[in-house]
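Residue numbers (the working numbering), protein chains in the order written: chain U, 1 to 114; chain Y, 1 to 114.
These are computed hints drawn from the structure, not numbers from a lab.
Possibly wrong hints are sitting among the right ones.
Which copy? The list can't say, so a pair holds if one copy fits it or any two copies do.
When the alpha-carbon atoms are kept at most 27 Å apart in a straight line, the in silico BS3-like pairs for lysine-lysine are as follows [what the hints assert, rightly or not]: (1) Lys31 / Lys114; (2) Lys68 / Lys31; (3) Lys68 / Lys51; (4) Lys68 / Lys114.
2 protein chains.
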Amino acid sequence: MHGFRIAASIVAACAAVVIGGSSADAAGDVKAGRQKALQCQTCHGLDGQAKLPEAPNLAGQTQVYLVKALKDYRSGARRNDMMSVIVHGLTDQDVDNLAAYYAAIPVTVGESPK
Amino acid sequence: MHGFRIAASIVAACAAVVIGGSSADAAGDVKAGRQKALQCQTCHGLDGQAKLPEAPNLAGQTQVYLVKALKDYRSGARRNDMMSVIVHGLTDQDVDNLAAYYAAIPVTVGESPK
């Protein structure tokens, strides 16, 4: 019975880690991300809805994709006149925070046109 | 009065062009786009909700951005192992249709985290 309790505790601990690891803000701080996003809002909106047709909507975007996009702009692998300048001063933590914030904005998708 | 009527007609015609040019499906056929999107659904979902964390959600994305993304992958300005292969056979019309389809999926954005 003692062995079972230990095993159950391990399972519970692992489950908690997995859930934590897959949550939207696992690698980033949503609140800090929102603060940093003030510099993004002219084009992308603080709510992640683009203000310009050339800029993508970011609300509810996948966190992995957002991190990659920002890091690709920072490394030069991806280029855009505005973004290449903007990302220059972002740390890895800033990138994680920004991605966590925009990914955490709830989005509901309606029925696709047939 | 006759001159005024002509002027009014010109204004009305121009307004119609502007409105037409900014509508979601102006440059693309949504129905044809949906058909073409069958080859995108494994990663991006037919409803534009990504099936993989590495793939971006496309539902309700701005049409201008989607057209640019696809054309950038096609020209090589933007690279991704999967996308660079997928876009190879897309015509300009396919690109417009795909962008029109994904842009036309309705999205409702909830309150941003504070």
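Evaluated hints:
In this homomeric assembly, Lys31 and Lys114 come within 27 Å of each other (Cα to Cα) only across copies, at 6 Å, whereas the closest approach inside a single copy is 39 Å. Only within a single protomer do Lys68 and Lys31 lie at most 27 Å apart by alpha-carbon distance; the minimum there is 20 Å, versus 31 Å between protomers. For the identical chains of this complex, Lys68 and Lys51 are neighbours both inside a copy (22 Å) and across copies (17 Å), given an alpha-carbon limit of 27 Å. Taking identical chains as interchangeable, the C-alpha atoms of Lys68 and Lys114 lie at most 27 Å apart only when they sit on different chains, with a minimum of 24 Å there against 32 Å within one chain.
In summary, this structure violates none of the numbered hints.
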